[in-house]
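Residue-level listing of the chains:
2 protein chains.
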Amino acid sequence: MSSHLVVKVHPLSCYSFGKKEAKVDKDIFLSDRLDRMRANFMRDGLRTYVEGILLVYEYGHPHLLLLQKGNKIIRLPGGRLRPGENEIEGLKRKLTSKLSSSSSSVQPIWQIGECAGVWWRPNFETLMYPYCPPHINKPKECKKIFIVHLSENQCFEIPKNLKILAVPLFELFDNVEKYGPEISSIPQQLSRFSLDLE
Amino acid sequence: MSSHLVVKVHPLSCYSFGKKEAKVDKDIFLSDRLDRMRANFMRDGLRTYVEGILLVYEYGHPHLLLLQKGNKIIRLPGGRLRPGENEIEGLKRKLTSKLSSSSSSVQPIWQIGECAGVWWRPNFETLMYPYCPPHINKPKECKKIFIVHLSENQCFEIPKNLKILAVPLFELFDNVEKYGPEISSIPQQLSRFSLDLE
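Chains as they are written, first to last, in the numbering used here: chain D, 1 to 198; chain G, 1001 to 1198.
Derived from the structure by calculation, the hints contain no laboratory data.
Quick caveat, the model's predicted, so the values are computed rather than measured.
Where is the CB? At the ideal position from N, CA and C, for every residue including glycine.
Among these hints, one or two may not hold up.
[Said to hold, decoys possible] With a cut-off of at most 27 Å between alpha-carbon atoms, the simulated DSS-like pairs for lysine-lysine come out as follows:
#, chain 1, residue 1, chain 2, residue 2
1, G, K1008, D, K143
2, D, K72, D, K8
3, G, K1160, G, K1178
4, G, K1140, G, K1160
5, G, K1163, D, K138
6, G, K1143, G, K1092
7, D, K20, D, K160
8, G, K1138, G, K1069
9, G, K1140, D, K8
10, D, K8, D, K138
11, G, K1143, G, K1094
12, G, K1160, G, K1019
13, G, K1020, G, K1094
14, D, K8, D, K163
15, G, K1092, D, K178
16, D, K8, G, K1019
17, G, K1069, G, K1019
18, G, K1023, G, K1072
19, G, K1138, D, K8
20, G, K1008, D, K140
21, D, K26, D, K178
[As the list claims (entries may be wrong)] Far from chain D, some chain G residues (derived; all Cβ distances over 12 Å):
#, residue
22, G1018
23, K1026
24, K1178
[What the hints assert, rightly or not] So the derived list for chain G, only partly shown, Cβ under 7 Å to chain D, looks like this:
#, residue
25, L1169
26, S1184
27, P1187
28, S1191
In isolation and in its complexed conformation, chain D is listed as follows (with noise of 0.2 Å):
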């Protein structure tokens, strides 16, 4: 096991969750989202996205938080970077701006660690591929996932219209119908990490 890259989790009751104001909604629609990636494509080319991936533990068990909105959408906690942004600034802007509090003045140190994954985005379409498909030269996203270290308390301040939730990592195996082809393989990409369960 030395060639194992530890990552340390601990309890989900170490953690706090309170609320604050809601992210205005960009699009409503899947095709205005797309819609505005096409405009943005124009603009700035490659759309880049980052994301978090931060575990905690319950009854001795690796858990995900992924963030829900509405009763269906679930994602990773993250978000687009600006162009020119780098990847890991762009990632602790975006995990602040989901998940603490923005009035504080005290701003949570985010430890970003390795990159998980990858995806790419071939066109403007909802389905992205762990590798760019032949015969594309122009892809239009690439999304980096990046595992997060948390310190072992923090208070977490979700936008009220996001749910956050807590899923161990058995009900995200092998389970693309409800979570997608991204969040349901995270299980896999962290099997080389040893998680440290405090």
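Position chain G relative to chain D; hints supplied.
Frame of chain D, contents of chain G only:
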């Protein structure tokens, strides 16, 4: 992309594939395999298994080398470690046994890279998981999958009861029915690497 690890990948045409003596089949039926696993567990405890991800490319897209027995069972090259054997040395031994001339005095230099994934077998059953499921204190097998960096040319010799396949990543992705959960999620596990098609 600076956080990416690079894997150099060479064209399939750089490699040659010959035949060698067949490997004796230890088990004819799956039930024999599980029985043998049970007997070995009683004697040696946790079974540790190692496998290699060997990549080539064709038509500008990465392909994974796989071994097929008969018309069904498709596996990564690898095998079981001897009790106490170092996992890197054990993987080199298994790669030579499955992919190289046994008679040649010059043995290939296998360059074993990063661990890409780990799978656990909680019971003497076929299913494995990319985590140790809750309430399992004594998993029966741990399988670790490593990147193998191929040199830019090599002569493979395959036991004549096995076939070697080069399968594109886009064919593996989301194809659990044909390749099983472990092999079909290799594209996700590789996604964090920058595959440099030379």
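Results of checking the hints against the structure:
no.: 1; hint: G:K1008 / D:K143; verdict: holds, 22 Å
no.: 2; hint: D:K72 / D:K8; verdict: violated, 30 Å
no.: 3; hint: G:K1160 / G:K1178; verdict: holds, 23 Å
no.: 4; hint: G:K1140 / G:K1160; verdict: violated, 31 Å
no.: 5; hint: G:K1163 / D:K138; verdict: violated, 36 Å
no.: 6; hint: G:K1143 / G:K1092; verdict: holds, 15 Å
no.: 7; hint: D:K20 / D:K160; verdict: holds, 6 Å
no.: 8; hint: G:K1138 / G:K1069; verdict: violated, 30 Å
no.: 9; hint: G:K1140 / D:K8; verdict: holds, 25 Å
no.: 10; hint: D:K8 / D:K138; verdict: violated, 38 Å
no.: 11; hint: G:K1143 / G:K1094; verdict: holds, 14 Å
no.: 12; hint: G:K1160 / G:K1019; verdict: holds, 5 Å
no.: 13; hint: G:K1020 / G:K1094; verdict: holds, 15 Å
no.: 14; hint: D:K8 / D:K163; verdict: holds, 24 Å
no.: 15; hint: G:K1092 / D:K178; verdict: violated, 40 Å
no.: 16; hint: D:K8 / G:K1019; verdict: violated, 47 Å
no.: 17; hint: G:K1069 / G:K1019; verdict: holds, 14 Å
no.: 18; hint: G:K1023 / G:K1072; verdict: holds, 17 Å
no.: 19; hint: G:K1138 / D:K8; verdict: holds, 22 Å
no.: 20; hint: G:K1008 / D:K140; verdict: holds, 25 Å
no.: 21; hint: D:K26 / D:K178; verdict: holds, 23 Å
no.: 22; hint: G1018; verdict: holds, 29 Å
no.: 23; hint: K1026; verdict: holds, 27 Å
no.: 24; hint: K1178; verdict: holds, 15 Å
no.: 25; hint: L1169; verdict: holds, 5 Å
no.: 26; hint: S1184; verdict: violated, 9 Å
no.: 27; hint: P1187; verdict: holds, 4 Å
no.: 28; hint: S1191; verdict: holds, 4 Å
Of the numbered hints stated above, those contradicted by the structure are hints 2, 4, 5, 8, 10, 15, 16, 26, listed in ascending order.
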